[in-house]
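Trainee: Chain residues, written in single-letter form:
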Amino acid sequence: MVDSPRAGEDLPAADDAGENKLLVEAIAAGDAAAEEAFVARFLPLVRIMLVTRTRNPDLAQDLLQDVMLGAICALRKGQLRDPARLSWFVRGIARNHLNEHFRGKARQAVSLEFPDRIPDLGSGRDDAEMNRRETLALAGIERLDPTDKAILQLTLVDGLKPGKIAEMLKLNSDVVRQRKLRATRRLIQFVENQSQKLIASYSTARRMR
Amino acid sequence: MRTCDGKPAERYALAYFEGSLPEDETEAFEQHYFDCPVCAERLQTMRAASHVLAREPAVDIEALRRKRFLSWPVPAPAWGLAAAAVLLVLGIFFFHRQAPAPQPQLAQLTPPPAPVQATAAPARQADFDLPVFAAPELRAEREDPHFKAGRGAYAQGDFPGAIAALRRVPASAQESLAARFYIAACQMKQGDLDGAATAFDRVARAGDSPQRESAFYYLAQIALAQGNLGEARRRLNQTIALRGDLEAKARSQMAGLEGPGTQSGSH
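As they're listed, the protein sequences go chains R and B.
Under my numbering, the letters of the first sequence match residues 1 to 209, in that order.
Under my numbering, the letters of the second sequence match residues 1 to 267, in that order.
Among these hints, one or two may not hold up.
[Claimed, not checked] Partner residues are not named here, just some residues of chain B that face chain R (Cβ under 7 angstroms, in silico): (1) F17; (2) E18; (3) F34; (4) D35; (5) R42; (6) L43; (7) Q44; (8) R47; (9) A48; (10) A49; (11) S50; (12) V52; (13) L53; (14) I61; (15) L242.
Derived from the structure by calculation, the hints contain no laboratory data.
Quick reminder that beta carbons are idealized off the backbone N, C-alpha and C, glycines included.
From just these sequences and the hints, can you work out the full model?
Mentor: Listed below in structure tokens is the structure:
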């Protein structure tokens, strides 16, 4: 599947690199809007990573604050020399916090240098977005075949592996994997199609106004 | 990373969430979605789905199993037994008919058995439409150059060119199984059905892969074209059992095989 990253690979495309450079320079120059943009881009990604790695949403939320503040403080100090590696940098900070947590080290970093001015890192900032996604996801899930829905639920909620699900549903594990892949694809496509329709209808409504 | 089609998230999101990806692949996938807005968006959709599913009532496994039992495809061994029973009955019937007749004049009145035409109708059902050349995972970053060349030739209908390019895809490349699959598709299109069947069979035997369902399906088509209805049924059942995108087509063909005039070609 995804090969391990190798040197020089997985770097952002040129236009992404240009955006990263602007963002990193603006944060180093003290631009609050750039920090907001940085948070809007990376907070959801870091949250997914932390929730997935810790399997504990509360702990993930605590670590998320530390990671984002740590990243912003480092960027303010101009500690990222190669803006093209911005995403590596953020992910690296997240990994360090995770490693520290799993090694049992006390959380300490941000309390030592808690900045005066910080962007909004509260959970409220993307609640509306999350609600929108969940509404669409629910509609997509309701359209799935009941067995596909069960496989997704047993995987995502109960954390069961395909072999165990296969045993429970009296299917073979190849079938479970295939159905899981298909259900994922259908769900994503449904949500994306609905999102595009919503965007289109919103644009039309704006034009009519 | 803006050219990613979102397939990595589609394929690996659940394995990532369930923690079943090896650590090196987990890291590579994380780095990918940190740079890829398409995959990041899809991951967030799956995260929302997991929240929704957590609030849904727990699955009634027994009810599901009962419901599914009614539409379960007949497993290959059962087809084998049924075919054997039909052949046995037909064998006894023809044995008695072809045994030395006590009254020759009576035997002459009996028309000779019609030549077996079983292959003609099923062969017309065979579906040799080319499979879509699906994008391999993370194609945008490091698609094998031979695979890319093969894709171009395939899209142009240059099957010898596609085969030549795809054969140069190294076995260690992540596209190697897909390359074998498309080589088989090209061979099938060129009329080399035996070669295609061998290649599709290797893909199917390689285990779970995005190409496995299609490999079973095309093995069924080749068997249909060759009039080997027993093999066609077996492969169609394997296709149906995977419950994928080709399930409906396979079921439809299976129903067609159960029509009149198609039994005697069973091998």
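Trainee: Using 7 angstroms as the Cβ threshold, decide whether B/F34 counts as touching chain R.
Mentor: This interface hint holds because 4 angstroms falls under the 7 angstroms limit.
Trainee: When the nearest CB of chain R is found for B/R42, is that gap smaller than 7 angstroms?
Mentor: holds (5 angstroms)
Trainee: Measuring from the C-beta of B/R47 to each C-beta in chain R, is the shortest one below 7 angstroms?
Mentor: holds (6 angstroms)
Trainee: Hint B/F17 vs chain R: min CB-CB distance below 7 angstroms?
Mentor: Since the shortest Cβ distance to chain R is 6 angstroms, the answer is holds.
Trainee: Can the hint on B/S50 be confirmed by a CB-to-CB distance to chain R that is less than 7 angstroms?
Mentor: holds (4 angstroms)
Trainee: Does the interface hint hold: is B/Q44 within less than 7 angstroms of chain R, judged Cβ to Cβ?
Mentor: Where the cut-off is 7 angstroms and the nearest Cβ of chain R is about 6 angstroms from B/Q44, the hint holds.
Trainee: The hint names B/L242 as touching chain R; please verify it with the least Cβ-Cβ distance against 7 angstroms.
Mentor: B/L242 check passes; min Cβ-Cβ to chain R is 5 angstroms, inside 7 angstroms.
Trainee: Quick one, is the B/L53 hint okay against chain R at 7 angstroms, beta carbons?
Mentor: holds (5 angstroms)
Trainee: Hint B/V52 vs chain R: min CB-CB distance below 7 angstroms?
Mentor: Hint on B/V52: holds, closest Cβ of chain R at ~5 angstroms, below 7 angstroms.
Trainee: Against chain R, is B/A49 within 7 angstroms by beta-carbon distance?
Mentor: holds (4 angstroms)
Trainee: Does the interface hint hold: is B/L43 within less than 7 angstroms of chain R, judged Cβ to Cβ?
Mentor: Status holds, d = 6 angstroms.
Trainee: Does B/A48 hold up as a contact with chain R if the rule is Cβ-Cβ below 7 angstroms?
Mentor: holds (4 angstroms)
In this structure, none of the earlier numbered hints is contradicted; all agree with it.
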